[in-house]
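K.L.:
Sequence:
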Amino acid sequence: MTLTHSQSTQALLTIAAVVVILAGIRLSSDIISPLLLAYFISMMLNPVISGLERLYLPRALGVLLVISLLVLLCASLMGMAGHAAQEFSRVLPGYRQDLLEMITRFQGSLLKRGITVDFSTLFNTLDTQWLFNLATSLFSRMSSVTSYVVVILLTVVFMLFEVPLLQGKLQRALPDPERQLLDVERFVSSVNRYVVLKSILSAITGLSVAVMLQMKGVQFYVLAGLVAFFLNFIPNIGSIIAAIPGILITLLQQSPGDAALVAAGYVAINMVIGNLVEPRVLGKGLGLSSLVVFLSLVFWGWLLGPIGMLLSVPLTMCIKILLESSHHNGLAQLLGAGDDISNLQEA
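With the first letter of the sequence shown counted as 1, position 58 gets the number 46 in my numbering; the numbers rise by one all the way through.
It cannot be assumed that every hint is accurate.
[Unchecked claim] List time: in silico SDA-like cross-link candidates among lysine to any residue, alpha-carbon distance up to 20 Å:
(1) K186 - I222
(2) K186 - R174
(3) K186 - V269
These are calculated hints, taken from the structure and not from any lab test.
Generate coordinates for the entire structure from the input sequences, incorporating the hints supplied.
P.N.:
What follows is the structure in structure tokens.
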């Protein structure tokens, strides 16, 4: 089908507008990312507060109670992670000697088989200062993320107070409020179910990892469990990345055989939870193909940073629902996996 001149011009203008919008979002990601996270948090907490309202608890007290519990939970998790990370930084320089001995033994075993490999250049790059600087950089990145906590919590509080007024505003603002409000409700219920179930499965994954490492006598099993919990929210690659610290710590503290057993344990946990339990619990209700989930992880991570990676699935689900409710249902089908997103609402 040949495009007319006006259609070509309109297509070019649309592409230019999308590029400008994406560039603006990326430049302002430091502001947009915490606001998006606050929106999704308030969307998850609102059903709890509405339930407390049905129990005749004033909304203000319900918001205060739920936010207080959320702060306590976040403080507990951050306290455990901070303590474990601080202890890890303290013992990190001592791992250099262990690493040197391990490389020496491995190089000797290769020499016995007539294989000559020089690991000196590799080891020289892995000095104590380099490892310490790497750990410091990682922890500073974590602290920069936690600096948003106060702003996010305040934004969540104001959003929760705004919810009772939101439906009336949307009815006056939307051109077709009845149909579009149904799309909003469908999106909210789908995301709520996904996030709640994903949180439970991530907690089970983190606990399983911590118990496995504790049984093997590996230090920092709490830190490894927390890493597995948080990274499990990142689809596809999160669980793979989460396995690296636990395997490396086991390799440094114990032996290659123990590290191989721990690696097998990670594979077993991810196979059971990621490939058996999670598809059965979540069903096929994401309505997104595996390729789209992975590409959305890359795209939202590039656009919004780490928070974009965490929210990649809900944000892509939102776009799919918007396309389904507009005149671009064909694009929505391209994002889909052959099943409708409403399957998420099945128990």
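K.L.:
Check each numbered hint against the structure and report the violated ones by number, ascending.
P.N.:
none
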